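Colleague: In case it helps, our numbering puts the sequence shown at residues 1 to 313.
Hints listed in this document are in silico derivations from the structure and should not be mistaken for laboratory results. What you are looking at is a predicted structure, and each value in this text was computed from that prediction instead of being measured. Among the hints, a few may not be true.
To be verified - Cut-off 30 angstroms, straight-line C-alpha distance, at most; resulting in silico cross-link-like pairs (DSS-like, lysine-lysine): (1) K311 to K289; (2) K268 to K126; (3) K225 to K81.
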Amino acid sequence: MTRAFVFPGQGSQAVGMGRELAEAFSAARQVFQEVDDALSQKLSALMFEGPEDQLTLTENAQPALMAMSMAVVRVLESEGKLDLSRAATFVAGHSLGEYSALAAAGTFTLADTARLLKIRGQAMQKVVPVGVGAMAALLGSELEQAKEIAALAAEGDVCEAANDNGGSQVVLSGHKSAVDRAIKIAAEKGIKRAIPLPVSAPFHCALMQPAADAMAEALAKVEMKTPRIPLVANVTASRVTDPDAIRDLLVRQVTGTVRWRESVLFMKAEGVTTLVELGAGKVLGGLAKRIDKELTGSSVGAPADIEAFLKSL
1 MTRAFVFPGQ GSQAVGMGRE LAEAFSAARQ VFQEVDDALS QKLSALMFEG
51 PEDQLTLTEN AQPALMAMSM AVVRVLESEG KLDLSRAATF VAGHSLGEYS
101 ALAAAGTFTL ADTARLLKIR GQAMQKVVPV GVGAMAALLG SELEQAKEIA
151 ALAAEGDVCE AANDNGGSQV VLSGHKSAVD RAIKIAAEKG IKRAIPLPVS
201 APFHCALMQP AADAMAEALA KVEMKTPRIP LVANVTASRV TDPDAIRDLL
251 VRQVTGTVRW RESVLFMKAE GVTTLVELGA GKVLGGLAKR IDKELTGSSV
301 GAPADIEAFL KSL
């Protein structure tokens, strides 16, 4: 079995996440405390107790999901003496999960990752006024068809493929007027379902350019080390280890398509047979087999998951 560790993106957050880990493991408590200290914010209390509307805010959800993933990583390292660089061939993350992957691989410190994601979340949130942008998931569409629908819907506005998630699911992002047109066009073209997403901003499209500029400035000030495990980058769906290249890709990622399907297929072509999702939710673990039937996927987020995973090694 050849593994890749993958890290979830926004939407996987839920009130209560991390509480069981904190109760069971001192290593998890230390992660949550370090993130709280880095942000001068009781983010862990928001994770454990809510309220949900505050946890869902982009500037909170992004560092919270990273903290959850890193708590799992640290517990695996402390309880199971797991060496990530020996246990996996690659790391990869969906959108903000790419930062979690890089923290796990040692490119960023935990505190720097938390601060970067706070900046990223705030910048993404304030770029486009609420109601101006939107996102929609096309279910039953492949990437090329989704791009065609986006181009037809644009009519001078921005409408682009934001996420190619695999399993015939592509997310469009852009001006609300254009995304609304895309939903109608998708229905006319026989797409199974087109669903508006409950998001506060149109991520991964050209409207996010000011947020990309903010991340270029923030990333220029942070020390970056070569990852202990190669990263499979969202923007290129290929391996990268050079810190300067990673910095450039993280900036491009803010406006670029998350090429998750292609990233997973790249890892499979490189010999990966199992994707292990570390953190909140079960989205990426569940997508593995839908992207390629020969792959297996699992999700590790609760104490029982950690125990089962360590026994499987």
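Colleague: Run every hint past the structure and note whether it holds.
Modeller: We went through each hint and held it up to the structure:
1. A hinted pair counts as satisfied when its Cα atoms are at most 30 angstroms apart, and K311 with K289 qualifies at roughly 22 angstroms.
2. Pair hint K268 plus K126 does not hold up; C-alpha atoms about 37 angstroms apart against a cutoff of 30 angstroms.
3. Between the alpha carbons of K225 and K81 the distance comes to roughly 22 angstroms, so the proposed pair stays at or under 30 angstroms and holds.
Hint 2 from the earlier list is the only one contradicted by this structure; the remaining hints agree with it.
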